[in-house]
Amino acid sequence: MARVNNWQIGRTMSYWYSESRPKRQFGAVFDINKCIACQTCTLACKTTWTSGRGQEYMLWNNVETKPFGSYPLGWDVQLLEKLGPQTWEGNVYTGRTIFEAAPSGERLLTTIRTSIDYAHPNIGEDEIFGSVERGEALKLPQQMWMFYLARICNHCTYPACLAACPRSSIYKRPEDGIVVLDQSRCRGYQECVNACPYGKVYFNPATGTSEKCIACYPKIEQGIQPQCFVNCIGKIRLQGWINTPDKAQEDNPVDYLVHVRKMALPLYPQFGLEPNVYYVPPINVPDRFLIQMFGPQAPAAVQAYRNAKEDKVLQGLFALFGSTERTIPYFKIAGDYAIALDDNRREMMRVPIYEPVHIRPAVDRLYQIMRSNTT
Amino acid sequence: MANIIYKQSQVKPATCNLLLYSPIAILLIVSFISCSGRSIINTQQVVASRITQELPREDPSSPLWNQAMEHPARLLLQDVAEPKLTEPGVELVRVRALHDGKWVVFRLQWEDKSQSIIPEPGAGSDSAAIQFPEKPGADVPDAAMGEKGKGVRIWYWKSIWQDDLERAQQGKGDRIAALYPQATTDHYPFNANSAAKAEMENRYAPARAAGNPITVRPANSPVQVLMAEGFGNVSPAPVQEGAGRGLWRDGQWVVTIARPISPGPGMDTLEIGRKSYIAFAVWDGAAGHTGSRKMRSGWIPLMLEGQ
Numbered sequence: 001m002a003r004v005n006n007w008q009i010g011r012t013m014s015y016w017y018s019e020s021r022p023k024r025q026f027g028a029v030f031d032i033n034k035c036i037a038c039q040t041c042t043l044a045c046k047t048t049w050t051s052g053r054g055q056e057y058m059l060w061n062n063v064e065t066k067p068f069g070s071y072p073l074g075w076d077v078q079l080l081e082k083l084g085p086q087t088w089e090g091n092v093y094t095g096r097t098i099f100e101a102a103p104s105g106e107r108l109l110t111t112i113r114t115s116i117d118y119a120h121p122n123i124g125e126d127e128i129f130g131s132v133e134r135g136e137a138l139k140l141p142q143q144m145w146m147f148y149l150a151r152i153c154n155h156c157t158y159p160a161c162l163a164a165c166p167r168s169s170i171y172k173r174p175e176d177g178i179v180v181l182d183q184s185r186c187r188g189y190q191e192c193v194n195a196c197p198y199g200k201v202y203f204n205p206a207t208g209t210s211e212k213c214i215a216c217y218p219k220i221e222q223g224i225q226p227q228c229f230v231n232c233i234g235k236i237r238l239q240g241w242i243n244t245p246d247k248a249q250e251d252n253p254v255d256y257l258v259h260v261r262k263m264a265l266p267l268y269p270q271f272g273l274e275p276n277v278y279y280v281p282p283i284n285v286p287d288r289f290l291i292q293m294f295g296p297q298a299p300a301a302v303q304a305y306r307n308a309k310e311d312k313v314l315q316g317l318f319a320l321f322g323s324t325e326r327t328i329p330y331f332k333i334a335g336d337y338a339i340a341l342d343d344n345r346r347e348m349m350r351v352p353i354y355e356p357v358h359i360r361p362a363v364d365r366l367y368q369i370m371r372s373n374t375t
Numbered sequence: 001m002a003n004i005i006y007k008q009s010q011v012k013p014a015t016c017n018l019l020l021y022s023p024i025a026i027l028l029i030v031s032f033i034s035c036s037g038r039s040i041i042n043t044q045q046v047v048a049s050r051i052t053q054e055l056p057r058e059d060p061s062s063p064l065w066n067q068a069m070e071h072p073a074r075l076l077l078q079d080v081a082e083p084k085l086t087e088p089g090v091e092l093v094r095v096r097a098l099h100d101g102k103w104v105v106f107r108l109q110w111e112d113k114s115q116s117i118i119p120e121p122g123a124g125s126d127s128a129a130i131q132f133p134e135k136p137g138a139d140v141p142d143a144a145m146g147e148k149g150k151g152v153r154i155w156y157w158k159s160i161w162q163d164d165l166e167r168a169q170q171g172k173g174d175r176i177a178a179l180y181p182q183a184t185t186d187h188y189p190f191n192a193n194s195a196a197k198a199e200m201e202n203r204y205a206p207a208r209a210a211g212n213p214i215t216v217r218p219a220n221s222p223v224q225v226l227m228a229e230g231f232g233n234v235s236p237a238p239v240q241e242g243a244g245r246g247l248w249r250d251g252q253w254v255v256t257i258a259r260p261i262s263p264g265p266g267m268d269t270l271e272i273g274r275k276s277y278i279a280f281a282v283w284d285g286a287a288g289h290t291g292s293r294k295m296r297s298g299w300i301p302l303m304l305e306g307q
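Quick mapping for you: the protein sequence lines, in order, are chains A and B. Mapping of the first sequence onto our numbering: position 294 corresponds to residue 294, and the numbering continues sequentially without gaps. Mapping of the second sequence onto our numbering: position 200 corresponds to residue 200, and the numbering continues sequentially without gaps.
These are computed hints drawn from the structure, not numbers from a lab. A couple of the hints might just be wrong.
To be verified - Only pairs whose alpha carbons sit at most 25 Å apart, straight line, appear in this in silico SDA-like list of lysine to any residue:
(1) B:Lys84 x A:Tyr171
(2) A:Lys219 x B:Met200
(3) B:Lys84 x A:Thr244
(4) B:Lys84 x A:Gly105
(5) A:Lys332 x A:Thr244
All chains, full assembly: derive it from the sequences and hints.
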């Protein structure tokens, strides 16, 4: 085991390989508050990559309802229980990562996944935290809560799948940090399937090998965001590049939300993988739950999001989500416009920060009808 | 130990008299010899008896196996490299061997209560392998997959590969149909395009499209020939000549694995009448044994009998 720096847990940690960061790292921000679980992302991915024999239950992208939904079954709660107390002192994680909790003879703490774990993709879907008593639905703030968690491979800086593979069949692409599984080399040991704490590597019984999200790298190579991003009708996703905090750039949209504003947070940072999909946490969920899922900065992130409507830069940046299929390496705000910039900081496109508002009379005099507000 | 083997043995030794007249063989047989319908146990080495009949390369239940001595090979946990096996699996494999001067075939027999063939999440495929040093001589490589510069050659039988062949021969469905017989699927995109069906089907099976050796194996053989120089770098050997067949019955696997005595360039050669070495490994699929999570032996002396 080597010692590596993991900025998400505020300290060094043990990892199977030494630290080696790619030239640039795939990064993404998902705004949970906008997700409606329409599963368009799931279908976009499925039809593109996993429509084959043996891939029936393989969902590189899925959206699950928290707190009760999970795919594969119990992927997070099983590991949280095995990992033991997950304590923080400020922004420093004082518990054990899955690498530090590795039992004797293992490279890391795993979750053994069996076929039954993949048999119920819809379990817990659209269920809320508790039962709604008579009249309770009318109370504000809501007493009962739930939220949708859209998930893809996190293309982690310290991937558990990569560490677990005895054949080194998994690697991080040096040019973009995307984690890929070499299909010509895999022998189907399933170590990666059990190692990924997010349950995002799948075994294909038809071919006998394991498969995972490739972040649509053929698109990324052309400067285009992945399928699950560009097909998101809620425009909750933005793909770009993430730097370490010491190299954060204010005009990099992912850096800005993650490092500068600290509004977008990693999923279960305590696992120790330095995952690179960042979530704007839901605003309607108790702090305790959010801290467990997104770390100690979650309450502050929620507050910042609540205040975002007063902030032109944030408003503009969120307006860029889902506004172009191009990857957005940089951005700027100019007047009432948010502008997406390419690698050379040249303008790719612009969107108005505030949509124009048109107020029309309730009665259409021309056609002599009443207008109804249906949008 | 010998008593346990004695109870399990059901074969009658035809070579009994021959062995009694051979002083060397008598020295080697330390456990016991029985001429009353019990097996001959040789705890010191694996001896491949030479026969003139056709080798039972794919027949684990051939009566010819009665002519072979049995070596009880004790298996150890693979506890050298992570991920290790921490809970014991199959601890004993009973080995017999026959040769005809060109090929040598080994019969491995072990207890496995649960037959596990098709790998799925959480379960592997029952498997067995025989391993040889790449180069002859007493300076053997590490028995755990060899080492850098001192490689090993492996003949690897996997029950799923045999099952694939048998299902194809019997016109039965693929692994998915066998694994989930009640499953229904609404649509595969390649079914809608007959002209491009094969190409599309391949595209949605990336391991096949990438030419992964576990999906592209020698036709009609459930045995893959591999080479390795330590853990983590096993790869297909330059010569893919191997045969074998397994039978699972009453909680036992009986599996033959055959190899040429001189497979050709890049491979190890066994010499008749001269001591070499062999090692064994067994995977219990139901226990999730795959890859380095296996039971394995150290090097065991191997002798191919002469005339």
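Now the hints, each set against the structure:
Proximity of lysine 84 of chain B to tyrosine 171 of chain A is assessed by CA-CA distance (about 22 Å); at most 25 Å being required, the pair is judged to hold. Simply put, lysine 219 of chain A and methionine 200 of chain B have alpha-carbon atoms about 20 Å apart, close enough for the 25 Å limit, and the pair holds. Using a Cα cut-off of 25 Å, the hinted pair lysine 84 of chain B and threonine 244 of chain A is violated, with the two alpha carbons roughly 34 Å apart. Only pairs whose Cα atoms come within 25 Å are accepted, and lysine 84 of chain B paired with glycine 105 of chain A is accepted, the gap being roughly 5 Å.
A C-alpha spacing of about 21 Å is found between lysine 332 of chain A and threonine 244 of chain A, which places the hinted pair at or below 25 Å, so the restraint holds.
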